[in-house]
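**Student:** Below, each chain spelled out in residue letters.
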Amino acid sequence: MNDLEPAIGIDLGTTNSVVATVRDGIPRVIPNRSGQTLTPSIVAVAKNGKKLVGALAKRQAITNAENTVFAAKRLIGRRWASKEVDDARHVLPYPLVSGPDGNDVRVELAGRVFAIPEISAMVLAELKADAEAWFGRPVNKAVVTVPAYFNDGQRHATKDAGRIAGLEVLRIINEPTSAALAYGFGKQMERKVVVFDLGGGTFDISILDIGKSVYDVVAVGGDTYLGGEDFDRRVIDWLTFSFAKDNGGVDLREDKMALQRLKDGSERAKIELSGLTSTAIHLPFLVGGGEGKPALHLDRQLTREKLEELTRDLVDRCIAVAERTLKDAGVRPAQVGEVILVGGMTRMPRVQKAVKDFFGREPCRGVHPEEVVALGAAIQAHALTAPQPGLEVLLLDVTPQNLGIMVVGGYFQTIIPRNTTVPTSETHLFTTVQDNQTSVRIAVLQGASERAVDNELLGEFVLDGIRPARRGEVEIEVTFDISADGIVGVSARDVVTGQQQSITVTATSGLTEEEMKRILDERVDELLEKKQTTQEFDLRRERMSATMAEIEGLRPAVSEALERTRFGKDAVQKAEAVLSRVRQAIEARDTSALGEQEESLERTLQLFKGLAGAGRGPGAR
Amino acid sequence: MSVDRDSGVVFDPAELSEDVDLDLERRKEILRAESLIGKTTHWETLGLPWNAPAAAVKAAYLEAAKVFHPDRYAGKRLGSYRARLEKVFRSLTEAREVLSDEARRSAYARSTAPPTEFAKMEARRLEDERRVTERRARLARSNPLVARAARLGELATRGKLAFEAGNYGQAANDLLLAQSIDPSNAEISVLAAEAKRRSSAQRASELYEKALAAEAMGSLPAALEGFRSALEADPRHARAAAAGARAALALGDRAGARELAQAGVRAAPGMGLVHEALGLVLDAEGDKKEARRALERALELDPKLELAKDRLRKLRWGILG
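In order, the protein sequence lines correspond to chains A and B.
Using this note's numbering, the first residue of the first sequence is number 214, and each one after it goes up by one.
Using this note's numbering, the first residue of the second sequence is number 5, and each one after it goes up by one.
Bound conformation, chain B alone (with noise of 0.2 Å):
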């Protein structure tokens, strides 16, 4: 047994003395390069350091295929050489595809970098991350025009997912914001119109379902005001002015109750409850025509209001009688 010192590789006598034309150094180089098939990187089955670029991986596979094509020994006796020639030939063109890809080379070098150079290459990828965050904060505080475009776009995408995700108050004021900054933005402004919308509604709901729970447990007073406050909030919510309507003749403010199911009926006039509001209302200041009116206006769009429907018997009978 022959050992070859650079490499460490053992050769094997009968394979050296093979009866073939090739001279003993030629041998062991076929030898050791099949050796090291799938031992090594691709770069290394090259005779390249880590990572060397695509041309010079070009210039060495063109060296090589020199050493290791079987043609370059045509006409003579190769033995088991040829089949050796041809693996190794085989390895140098996979490295070379591998190699002079450049996604599969940057990715294959990831993969086999050497610890103290994958420490390296993360470190330069997270430097490098850190350095576009700062560039562009940098940027963004230096340049009014940048700032303004990088906040218009962190608000609206902010407000975008807010109101995707139903939180329509966080939307319409983040919206409202970037609407404020570019106002000549259609997209924005019609987001931020509904998501207003849409939280006016959500917080006057809030507010009507709080009066009702206030108005069960008979604080009247409080009802009141939570239905006031609703029907501020979203001047459309027509059930909150109804209920205010009731509670404020409850509490005989006639004033404020009339109001209440005026408001009522503009904001749903096809709504019976709204009507029903103003007919009780309407019935309390004395004014029945009206109030036998607004009833069986009432009546008509709901025929289920029980109140309406009392009310307006007596109404009725008050004439008759």
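So that you can see chain A by itself, here it is in the shape it has in the complex (with noise of 0.2 Å):
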């Protein structure tokens, strides 16, 4: 087992990430460099052009917040001109701006423009580089998780982050399966299992049937703009009102270092009263006074209480969608076996009750909210790479949303509805609408609106070559295809002459495949770099230590000399400092801070040579 390549999975949060992997049969999570489980999913670039990853970028989030990105998550895979961006760009405390041909979003950062996949894929890189440190060899497979209810742009934008990362990416999952996963691995059970995940940006719910190891997914549902950061939003709202009122009209959102605070005391507060039913939030010297004023401060009490009202149409949407998705698999509350909560969000009182109430029994507490999806994404990547007799794990996935075409009229024509389990394909004809029309446009799209301007284009193309008659009475039939890995094919043939164009649907991540290449490259070069700096670092450090042994060598000699003379006496004090700096850099493996000292320690040794020398000199005589 342990010569195969570890594999790896990866919950790419909103808010925070998490790596696992499966190890001797177990699963279990990888914690990071500094022995944290989760890190956080925020990627900043310091004052002095370093960048940050996790709780380093966290940490200076508020001194430094235009060029600290988190919740990138809530961006990938979106159109610049969507709604959900344009209700971003208003929160966001760091820039946004449209890509190359207007169609997705970019971020700026330390002046230069990051596509969000590559931001992502800082965060991932950070996750295999923390697995790497813990099996202390090279990973690349990994499998990683998204929400049920991302669709195809937003997987393939995921998917691109990985590559960027360096990773293989084995599948994408969703997150609620991939609980499922975790929660019912090794148990030999079968029972119907409702996924309840409603984590930092999204909320997702998914009905599974287990069926020993075999598990498959009957129904998902979900919104992907409803999660933990809407709830803290609520509170920022609620204290940067009530603030402008005590302050004559101070508005705190103005002030990015402001919100950035307000943003973690809301968060924390929030936090707190899981457990605590009212706590205060205390923010001092928030902003200026103004012209010579005094700084303000925020000191509120908030109540639990006072929580769920702000929150409580939050909640209800949760418990809407859930219904609509139960219905949507014929499944009634009561005939669920086991709920299972995910993502920290449902650690709050308010969302338990809700669940408990709907469902009519108490949600399932042998599962780590914030862990578990992780641990199922590892299960996978495992089955993936290394299946196990007797741990053997099946997945059968659905389509999130509907599939299909644009037909007369613009609408949108459903050939592979929603929740059909994958691999699958399907087969419709179309026929033409005008005489003699010779070619037709296919565009591929999903979504759930019946008008196609409202769905998300997957891609198009164009059949032609189609034998001139009257309208309708060509047939067109068109195939769609998805794999097991979820890609999606599409073909379309006139029946009569056999004449077929088809397209395999890959690029919406809005990263072009020359930007992808040119991403990939610079990736290279930095690897390049990187190793070059390791081959300088491990030159200079052993050149050096050669020069610290000489000068070691020569100690015994040097303290001789000094006795018999008054001059120098310093010299061996200021070879202790030089020394103890080198060592430091070795270390730290600080090439440049190694080669600084490089010239210190030559002359050291030349001065001990020198008084090595003198010493001999007179006692020679």
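Keep in mind that the hints were calculated from the coordinates and are not lab data.
It is possible that part of the hints are untrue.
As the list claims (entries may be wrong) - Quick list of in silico lysine to aspartate or glutamate cross-link-like pairs, EDC-like style, CA-CA up to 20 Å: (1) B/Lys91 - A/Asp694; (2) B/Lys62 - A/Glu403; (3) B/Lys91 - A/Glu639; (4) B/Lys80 - A/Glu403; (5) B/Lys62 - B/Glu48; (6) A/Lys730 - A/Glu742; (7) A/Lys405 - B/Glu101; (8) B/Lys80 - A/Asp698.
Said to hold, decoys possible - Interface residues of chain B toward chain A, partial, derived using beta-carbon atoms under 7 Å: (9) Leu66; (10) Ala69; (11) His73; (12) Pro74; (13) Asp75; (14) Ala78; (15) Gly79; (16) Arg81; (17) Glu90; (18) Phe93; (19) Arg94; (20) Thr97.
Beta carbons are placed, not taken as given, at the ideal position from N, Cα and C, and that holds for glycine.
Bring the two chains, given one by one in their own frames, into a single complex with the hints.
**Tutor:** And the structure:
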């Protein structure tokens, strides 16, 4: 088993990310290099130009809000023109810009423009490095999770992020499905399970039929814009409103640093209220009073009751989605054998109560809401690389949204309805709508709306060479095909002439192939540079270690010589200082610091040689 | 060429010897399943007997998925077998989809039933229908309340149908019977009264037509009899009354004529014809003054009544002369 390449599962979250693996048949979370299991999904460029990821980035977020990117997951695979992005632009402290073709979203960070997958890739790369440190060997294969309701574009963008981070993404799986895998792993159970996943940015619900080692997803549903951040925002809005009232209309949202502190304070208060019934939000010196007036402080008491009142409609929305998804699956709440709560927001007592009331049963408490998703991903990664007899897992996943094409009148015709088990394929017949029409444009779409424009365009192609005939006489057969790893292929065929066209739907992540190539090239350059630095370091270390050994070798002679002279008493102390600085630089593997010391070390050696020689001179006399 | 003994599938040696990470048995299993796609029923696809229940379908699907889902061979070289596996898996999914939906399953069962099974199913269906009818009948016989309700329903339904068809005699008959079973049913009462009224009117106009025909043929006694019957069937049939009065008068039955004319005026006080008839009767009786008043009234209502005009002229002259 151990000679197999390790595979990891990554829960790439809105606020936090987790990496896990299966070792010796047991799924386990890999702690990051600071010993934590949760790594904040935050990326920043510090004032000195250094890239920071995770806790380091989070720690400096307050003082560097404009160059700190959080919640990138809310933007990944989204169109610049979408409502979601428009909303985000008004609340996020970091600047968003449109991509080159105006299609996707980019982030400007310390003067450089990054695509969202590049930002996510930095988080993934950090987790990859953590896993490599833990295994003590390279890790390349990973399963990454996404919210069940992510569309094809968002999934592709996530996959691209993995590629940029140097990972082979074996599969993109749904977070709730992943949680169910972790829940049922090794338990040989047979029951219907509902996973209720309320995370930082998204709400997901899935219904699965677990039959021993087979996990059959019956239905998925959710809302990609409903999560912990919305709960936080309610608290932020409440605080800013009351603050403005108390302080003559001061708008805290105009001050990015204040907004960041408010965000942190609100989130902390919300988390505390899962255990307490009341908590204080105390933010001293939040904003300057202006024109020589003293700075203003924020000091408010927030009760659990008030928090529940502020967020009641958000909880109601979750239950409404749950209701609709159950109805889709033809499952009554009473038929559900277990409800699994996933995501930090499900720690909120009001959420737990709403779930309990709806399903009429206590939700399962046996899983860790923040780690379970990564564990499931690790199990799937393991099953896809090193299946072990007795621990087989088979995941039968479904399509999250309707797939179809645009038909005459701008309508959307579904060909593969949502919640269809993959792999699958479906064929529909269409006809021409004009006399002597010789070509048709096939626009492949995904979404829930009847109108084509309201759905996500996955790709399009033209079928030509159609024989001229009266309208409605030519039949065109359109086939959709989804493989086990979720790749969508579409083909169109003229039934009579056999003329055929097809596409594999791939690129809507916002990154063009050239850009992807450039990014990957840059990464290779970066790696080369790193390798070069390493080589340089090793050379320098070797050279300087030799010098240090020489100095150490001369030390007895120098001490002896110094005993007999009144000069150069401080030479040993100075040498000691140089040696300790060199040792520190070696410890920190800091090539440049090591370089800075090289000259002084050389001088020390010359001095020692001189002293030793001088000592020997008079001694020989 | 090697032939599979159980299924008669002919394996292509090139396919069997493809360089993939699958043992021979597995390859044969996949090729066999692929060759049977579209040729077997959904139950057979899942390895189940015809009409196996939904629970068995689900279990068989999950078992088959363990063999035919491409993920089971992750990391192995599959060559052309990947596409084959996906194809087989799709047919399994389709089978599961059809057979786990109760409505689709029973429709599919009917369309795929083997001949003997189909005959059995038909027989069972007919037997079921027969039993249901019999049960209802038995229930109706044994329970007076149910019997009454059933009879009531039957009569009401038949009555309404007849009413809609314009067969008011039949409708009145059924609805009146229904009304007698359940007098508190307002709908039936209203409908019964209306049916009865329309039925009488229908019968009266039939009799009236016959009487007119008799009168035309010169058979006055038969005509008079007919007009009387029509009026009897529908007391509001004023024309029958007026015509009857004239016929009676012609036959010299003044008392009868007067009675009929008065009934006509009661039935339709706004009709000139009946006042004319009354005028004629009064004139014959010698009551000139009343006769004149009646005839004037008749002309007032209907100025085109020639007989009334003529008689009135004579009456006036009589006074003058």
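**Student:** Look at each hint and say if it fits the structure.
**Tutor:** Outcome of the hint check:
no.	hint	in the structure
1	B/Lys91 - A/Asp694	holds (11 Å)
2	B/Lys62 - A/Glu403	holds (12 Å)
3	B/Lys91 - A/Glu639	holds (12 Å)
4	B/Lys80 - A/Glu403	violated (29 Å)
5	B/Lys62 - B/Glu48	holds (14 Å)
6	A/Lys730 - A/Glu742	holds (18 Å)
7	A/Lys405 - B/Glu101	holds (17 Å)
8	B/Lys80 - A/Asp698	holds (15 Å)
9	Leu66	holds (4 Å)
10	Ala69	holds (6 Å)
11	His73	holds (6 Å)
12	Pro74	holds (5 Å)
13	Asp75	holds (6 Å)
14	Ala78	holds (4 Å)
15	Gly79	holds (6 Å)
16	Arg81	violated (14 Å)
17	Glu90	holds (5 Å)
18	Phe93	holds (6 Å)
19	Arg94	holds (6 Å)
20	Thr97	holds (5 Å)
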